[in-house]
Amino acid sequence: MTRDTDRRTALRLGAYALGGGLVAAAGAPVLRMLADPASKTTMTSPTDPIDVGPLARLKVGGEPLNVPVIAPQVKDAWSAVRDVVLGSAWIVRTGESSCSALSSVCPHLACAVGWDRGKQHYVCPCHESLFAPSGERVSGPSERGLDPLPVTVKDGRIQLTWTRYRVGGSRREPA
Amino acid sequence: MALPKLVPWLEARLAPTASAQVVPGGPSFAYVFGSALVALLGLSCVTGVALSFFYSPSSTDAWASVAYIEDQVAWGWLIRGLHLHGASALVIVSGLHLAQAAWLGAYRRPRELTWFAGLGLLLLVLGFAITGFVLRWDQAGYWASKVEVGIAAGTPVVGDLLRRMAQGGNDYGNLTLTRFHALHVVVLPAVMVAAVGGHVWLARRHGVTRRAGAKADDTRDWWPHQSVRNLLAAGVAFAALFGWVIAVGGAGLEAPIDPTAAYDARPLWYFRWLFLLRKLAGPLEQLAAMAIPAVVLGFFAAMPWIDPGHVAGMSSARAARNRRLALGGFAAICVAVASLTLISWRTDAADPSLQEHQAAAAKLAAKARRLARTYGVPPRGGTAVFETTPMWRGRAVWKEQCESCHQGDERKGPLIGAGYGSRAWLKRFLLDPSGDEFFGRTKLAKSEDAMEPVKLEGAALDAMVELIYQESGADDADAERAKAALPAFEETCGDCHSREDGVSSSGPALARRGTIDHLVHFIGNPKAPIHLGEHSEMPRFDREVSMADREEVARYLVWLRTATPADVAALEPL
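Chains as they are written, first to last, in my numbering: chain Y, 1 to 175; chain S, 1001 to 1574.
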């Protein structure tokens, strides 16, 4: 009887081991595959500055201007796509040959921020976060001010480096 | 609940119990095929779900997404390999299961429905293969599918409707992919689950068909005695499948579909017997393709009636004859299918031109995948991947419009290749403008308007080279050195050549010579007074070649300036 019981136990354990092995054999590569994109830059955006138009469109001390930021080429997983709109930026001319830029992505929940002429403030249409012309947070749910973007002027044209920041939180970190 | 307690708790509730679960005649490896099939189906299902996380069923993205899975996703090639070859394993083990069932007479009353469900499952596996093979959207899947749909289209009366239904309209495109995809991942799996459920339920209801030599007094339980055997068989099947997939390097992927390119379409191996049969049938190929599978399936389905076993009032001789008829027919079909498959393989292996085509196709596929991995696939999809080769457009236009006059022994114009417009090239030109490399083969060289060789040496010559070189806008031009050549230029060159932007003279103007703008303009109209004027034998291209294309050619020419012959040789072929 004990020998039979021992044999039965051995068979049971063997069956569990085999079943576990089968599940692991199928599951491990599948899980590895599914996790793959999480650790990769699957959507590239150019690190080089992007031309967003001539500085002459803006006046010193004038209203901010919203410009689309268009990447010449983006790799989206398997696709190589040209002229992809990455987002937009608010540009303010600060001098004869200088300007500053703010990302129009609201740091609260990533809605596109607009310029309110009457209030002379940036306003997020989704949750009414209010930002000063400098980008500083004035009121509303956003925990930080608008994110500045690196910008230079070369041969009279505005060159902007597109950066995505982590949405939410008071600290500004690249996403 | 602690694990040592949890396991028996679960076992008591999940493991089969009671006397119904005693294996009649004792547990045996004879009964493992069904379980192995369930395990393989499970693997196909799991790998299929994983693939669907990456696959995009559109005519522009399908191939690109499969190439992405194959070459860029971690273990993607393994998952695809398990999915494709798993279907082969299903076909093989189904064949064994079917043959065993036939041998045991398991199609007889009361198991006819189990038998039919099994046949239906085999057809479903083949249906998965047909619908799945198209989804790769490569040459292999595309042409194999075209042939299959072509066969269906040959059906009398409803053929054209079948074709249009299958391809979703009048031709292969987005709707073909979305249809086959929906069938492959939604409809067929749903039917499969129902059919497997029915088959297994019926098999359980009737119990295993007792094999010869089974011991009647063996009362060991299904769990764990039979289960461990089943799991072991599934493990062997998995090991064989994994081993095979790793050995052959996965599922492979041909070049993206190109409806204009000839391709030696071959079906998946389990359809090869039909492929050869159709070829042998000649003018009767339509009949062979449709009638013979129907006859084979019809015979399998009729086996419960051909050989009903011992029924009341039947002589044992008659029963034995029925048995021989059923098994003989089954064996004959198996032998025929196996022989046709082998012959088809051997015919292909002995066909040198096919080998050549396949080698060329493999090379093209490798190139397409390399380009897709390096540059990505343009949104136009498919063969546009070949256009991601660096300077593809410029080189393509060059090859078509320029190369015959500027390359090779038969050329009529100056040689243009690696180093064109470089300092070394300019120096050689200045010393011998009518040499064979330059205008030697043109009428200009033989005319009195031909340029005289420049009579400068050493530093003076280098300065002159620099003066012309800096017009190209090259980053490394040395303005100081160029300046030293200005007096010599005025003295010896200035009569014929202007250095002032937009000003022509009797010879070609040198302002901005070698820049993209200059080259675009020159290629557009070399006969313009600012260039070679009437001396040019080169035709103008501004009417046939667009500005954008001329610019692409110009970019290529500018690239040549700093390229070595090795760089040119290393360029990806067009």
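These are computed hints drawn from the structure, not numbers from a lab.
Please note that the accuracy of each hint is not assured.
One-sided and incomplete, this derived list gives chain S residues near chain Y with beta-carbon spacing under 8 angstroms [said to hold, decoys possible]:
id: 1; residue: Ala1050
id: 2; residue: Ser1065
id: 3; residue: Gly1076
id: 4; residue: Pro1487
Beyond 10 angstroms from chain S on every Cβ pair, some chain Y residues (computed) [what the hints assert, rightly or not]:
id: 5; residue: Thr5
id: 6; residue: Ala56
id: 7; residue: Thr94
id: 8; residue: Gly145
id: 9; residue: Gln159
id: 10; residue: Thr161
Which residues of chain S face chain Y? A partial, calculated answer using Cβ under 7 angstroms [claimed, not checked]:
id: 11; residue: Gly1048
id: 12; residue: Ala1074
id: 13; residue: Leu1078
id: 14; residue: Ile1079
id: 15; residue: Pro1224
id: 16; residue: Ser1227
id: 17; residue: Val1228
id: 18; residue: Leu1231
id: 19; residue: Gly1235
id: 20; residue: Val1236
id: 21; residue: Tyr1375
id: 22; residue: Ala1482
id: 23; residue: Leu1486
Model, not experiment: these values are computed from the prediction.
Don't be surprised by glycine CBs; every beta carbon is placed ideally from N, CA and C.
Here's how the hints hold up against the structure:
Hint on Ala1050/S holds. Least Cβ distance to chain Y is approximately 4 angstroms, under the 8 angstroms limit. Against a cut-off of 8 angstroms between C-beta atoms, the interface hint on Ser1065/S holds, since the closest Cβ of chain Y lies about 5 angstroms away. Taking 8 angstroms as the C-beta contact cut-off toward chain Y, the hint placing Gly1076/S at the interface holds, the least distance being around 6 angstroms. At a threshold of 8 angstroms, the smallest CB-CB gap from Pro1487/S to chain Y is about 33 angstroms, leaving the interface hint violated.
For Thr5/Y, the shortest C-beta to C-beta distance to chain S comes to about 12 angstroms, beyond the 10 angstroms cut-off, and the non-interface label holds. The Cβ of Ala56/Y sits about 24 angstroms from the closest Cβ of chain S, beyond the 10 angstroms cut-off, so the non-interface label holds. Its beta-carbon lying about 32 angstroms from the closest one in chain S, Thr94/Y satisfies the requirement of being farther than 10 angstroms from that chain. Against chain S, the non-interface label of Gly145/Y holds: every CB pair exceeds 10 angstroms, the least being about 36 angstroms.
The beta carbon of Gln159/Y sits about 19 angstroms from the closest Cβ of chain S, which is more than 10 angstroms, so the claim that it is off the interface holds. For Thr161/Y, the non-interface assignment is confirmed: its Cβ lies about 22 angstroms from the closest Cβ of chain S, beyond the 10 angstroms cut-off. The beta carbon of Gly1048/S comes no nearer than 10 angstroms to any beta carbon in chain Y, farther than 7 angstroms, and the hint placing it at the interface is violated. At a threshold of 7 angstroms, the smallest CB-CB gap from Ala1074/S to chain Y is about 4 angstroms, leaving the interface hint in force.
Contact between Leu1078/S and chain Y, as hinted, is supported at the beta carbon level, the nearest pair being about 5 angstroms apart and thus within 7 angstroms. The beta carbon of Ile1079/S comes within 5 angstroms of a beta carbon in chain Y, closer than 7 angstroms, and the hint placing it at the interface holds. Because the beta carbon of Pro1224/S sits about 4 angstroms from the nearest beta carbon in chain Y, less than 7 angstroms, this interface hint is met. With a cut of 7 angstroms, the hint placing Ser1227/S at the interface with chain Y holds, because the nearest CB-to-CB distance is about 5 angstroms.
With a cut of 7 angstroms, the hint placing Val1228/S at the interface with chain Y holds, because the nearest CB-to-CB distance is about 4 angstroms. This hint holds: Leu1231/S has a C-beta 4 angstroms from the nearest C-beta of chain Y, less than the 7 angstroms allowed. The interface hint given for Gly1235/S holds, since its Cβ lies 5 angstroms from the closest Cβ of chain Y, which is under the 7 angstroms cut-off. Of the supplied interface hints, the one on Val1236/S is violated, with its beta-carbon coming no nearer than about 10 angstroms to a beta-carbon of chain Y, more than 7 angstroms.
For the restraint placing Tyr1375/S at the interface with chain Y, the shortest Cβ-Cβ distance is roughly 6 angstroms, inside the 7 angstroms limit, so the hint holds. The closest approach between the C-beta of Ala1482/S and any C-beta of chain Y is roughly 24 angstroms, which is over the 7 angstroms cut-off, so the hint fails. Taking 7 angstroms as the C-beta contact cut-off toward chain Y, the hint placing Leu1486/S at the interface is violated, the least distance being around 28 angstroms.
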